[in-house]
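Visitor: Sequences listed follow chains V and D, in order.
Read in order, the letters of the first sequence correspond to residues 1 to 371 in UniProt numbering.
Read in order, the letters of the second sequence correspond to residues 1 to 371 in UniProt numbering.
Read the hints as simulated data drawn from the structure, not as lab findings.
You may find that some hints are simply not true.
The list treats identical chains as interchangeable, and a pair is accepted whether it falls inside one copy or across any two copies.
[Unchecked claim] Straight-line alpha carbon distances no greater than 27 angstroms define the calculated BS3-like cross-link-like pairs of lysine-lysine that follow:
1) LYS285 <-> LYS134
2) LYS8 <-> LYS293
3) LYS285 <-> LYS300
4) LYS85 <-> LYS300
5) LYS62 <-> LYS293
All values reported here derive from a predicted model rather than from experimental measurement.
The chain contents come next:
Protein chains: 2
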Amino acid sequence: MHNALAEKFGIQYPIFAFTPSEHVAAAVSRAGGLGVLGCVRFNDPEELEATLTWMDENTDGKPYGVDIVMPAKVPTEGAAVDLDKLIPAEHRAFVDRTLDELGVPPLSDDVEHATGVLGWLHSVARAQVDVALKHRPALIANALGSPPKDIIDEAHAHGVPVAALAGAVGHALSHVANGVDIVIAQGYEAGGHTGEIASMVLVPEIVDAVGDSATVLAAGGIGSGRQIAAALSLGASGVWMGSYWLTAAEYKLGSASGEGPSAIQRALLDASSSDTVRSRIYSGKPARLLKTKWTEAWSKPGAPDALPMPLQNLLVAEAHQRIVASENPEVVAMPAGQIVGRMNEIRPVADSMADLVAEFEATVARLNKLK
Amino acid sequence: MHNALAEKFGIQYPIFAFTPSEHVAAAVSRAGGLGVLGCVRFNDPEELEATLTWMDENTDGKPYGVDIVMPAKVPTEGAAVDLDKLIPAEHRAFVDRTLDELGVPPLSDDVEHATGVLGWLHSVARAQVDVALKHRPALIANALGSPPKDIIDEAHAHGVPVAALAGAVGHALSHVANGVDIVIAQGYEAGGHTGEIASMVLVPEIVDAVGDSATVLAAGGIGSGRQIAAALSLGASGVWMGSYWLTAAEYKLGSASGEGPSAIQRALLDASSSDTVRSRIYSGKPARLLKTKWTEAWSKPGAPDALPMPLQNLLVAEAHQRIVASENPEVVAMPAGQIVGRMNEIRPVADSMADLVAEFEATVARLNKLK
Chain V
1 MHNALAEKFG
11 IQYPIFAFTP
21 SEHVAAAVSR
31 AGGLGVLGCV
41 RFNDPEELEA
51 TLTWMDENTD
61 GKPYGVDIVM
71 PAKVPTEGAA
81 VDLDKLIPAE
91 HRAFVDRTLD
101 ELGVPPLSDD
111 VEHATGVLGW
121 LHSVARAQVD
131 VALKHRPALI
141 ANALGSPPKD
151 IIDEAHAHGV
161 PVAALAGAVG
171 HALSHVANGV
181 DIVIAQGYEA
191 GGHTGEIASM
201 VLVPEIVDAV
211 GDSATVLAAG
221 GIGSGRQIAA
231 ALSLGASGVW
241 MGSYWLTAAE
251 YKLGSASGEG
261 PSAIQRALLD
271 ASSSDTVRSR
281 IYSGKPARLL
291 KTKWTEAWSK
301 PGAPDALPMP
311 LQNLLVAEAH
321 QRIVASENPE
331 VVAMPAGQIV
341 GRMNEIRPVA
351 DSMADLVAEF
361 EATVARLNKL
371 K
Chain D
1 MHNALAEKFG
11 IQYPIFAFTP
21 SEHVAAAVSR
31 AGGLGVLGCV
41 RFNDPEELEA
51 TLTWMDENTD
61 GKPYGVDIVM
71 PAKVPTEGAA
81 VDLDKLIPAE
91 HRAFVDRTLD
101 ELGVPPLSDD
111 VEHATGVLGW
121 LHSVARAQVD
131 VALKHRPALI
141 ANALGSPPKD
151 IIDEAHAHGV
161 PVAALAGAVG
171 HALSHVANGV
181 DIVIAQGYEA
191 GGHTGEIASM
201 VLVPEIVDAV
211 GDSATVLAAG
221 GIGSGRQIAA
231 ALSLGASGVW
241 MGSYWLTAAE
251 YKLGSASGEG
261 PSAIQRALLD
271 ASSSDTVRSR
281 IYSGKPARLL
291 KTKWTEAWSK
301 PGAPDALPMP
311 LQNLLVAEAH
321 QRIVASENPE
331 VVAMPAGQIV
341 GRMNEIRPVA
351 DSMADLVAEF
361 EATVARLNKL
371 K
């Protein structure tokens, strides 16, 4: 699976793994891919600083990347406390009522209440970039548009290539015009923020549109070596996998008071590819989530429309914290792609990587017999 | 691209082309694929009889197939005139008002008014099967579920394999249990009746689920050799392409009073992959259509919900006829998949087939260098 892109990054396989877990990111880098740490959860730059120091020390000198979130359209700036005032009372009442109906208890008094994700505010994301560039990122990616020009320039000045996700050809061309080096063509089937065009159609469209002016990774629906072979057939130079790592053994995802996987992980393990939904209720922008009693409550008649970014996540932040604490797999708030149907086991990253590579090679050998 | 499936059907390439045009179907068969004639438009068995006789005479002795539509859940039976009484006045008024607003003129007095598609009534579809089996079909496919057991048995008694479309693993397993030989895994990106799981995820899921008990074709989003290589990477034994043939030079699609392509064809040529929508307004079941002023009118606030099958198509049949006659590319009612973004030229089938095969071979050669 080694190719020019892998060569350029000094990695063995062109497998880029997006994950909010530094443990998973480091394990992917150690196993020959490129672990890309999602930074949106770091409201505090010092916490990111400590985590990247940990990454430096736990990747055997192998490269890793960071993913920030800078929406192309700048959302309302402000501290959480001011933004909170913009949330309608009707929305708060709906959230409270729904949690009651779903049997989700309030937080206990000794827990600090979540304030919500602010990492997609440009002010916060810029601080994250500054922190990251003091370490040795091999890539800075942006999940919601091109980063601002000065950030692209700063990354390039540090010799760091910039990637951006695209759900349509227009986004991809705009990224290239803005100086982005790697376009991540992300299909409808992907988890998290996503568009409406499926990978099978989107990837070759973007490959043809950007030509030699950028490298293209395929994202969405990838969790096996056959799917990597399909992505490379479509013309991508590598793959960007996200949801797939949510069931990595290295990922301490969610809350588990007992032994074994957390409620979120059990929900992921049990879900089929039909058990996701594309909805604005997580962040205010369309994102694919695990379909649960929580997401279904928002699509019932009488439920309010989701608020715009960043208000929606501020609205639901404490609700999500309560949901995690309740440890009920039927009430989970979690971005996940349609590949969730193939995530049926908690597995170490190294085992998954070995399987991806072996199945890719078997697939190419099979195709080659047809020629 | 020749493989065991192609060998079994006595064709050169495992490219199955669904099309309502006998001219396109015959051209695909002559070019080494398997043309599959969509029969749903034949309300009159004698018309189908004549068309299949034409197919027999124009395929150079090469195999072809037929596609019937038998919904797994039997819709209300009845003659068009009786079913008409079940359509609410509110729906008729909405259709009339919308056509007025879109500037679609009434039919001229000398035109016979369309009665709507009845081919998805089991009574009509059974007559179509009887007609088909008097000819030499190499395949009988069903777009909306498994055919009834007696029809599968009848086909098998004639040595004809049966195919059925599946949008989820559950459908595929049900087809296999019912005796279906070929499962067509049809992704979200496909035109016409379609589910919500994208091909990248659906195809390998269905391949793994059915194992050796059925052959799997991939459908949805396929219009290039790279996409065929991707489908075969995912484990499919062949591809089922539908939308792609709508811009075949052999297809007299729509009405053109002047020279050049019809309004429908111009709309298809101009559309990007973003210009489709999944909606129930065509038949009563979710189907992907070209996004036009007609489809958008149905999604505006105040528009009625689509009626169940078969009533919805009876409701809109004359509207569709008026829309075709109006020759306005902005007001078109046409099923089409996301691959429409790659359909930018009216081309003879033989040219398209040659390109598909050449690009497939180049793709496999490219992948093989990575191994």
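Visitor: Are there hints from earlier that the structure breaks, and if so, what are their numbers?
Guide: Violated hints: 1, 2 and 5; rest satisfied.
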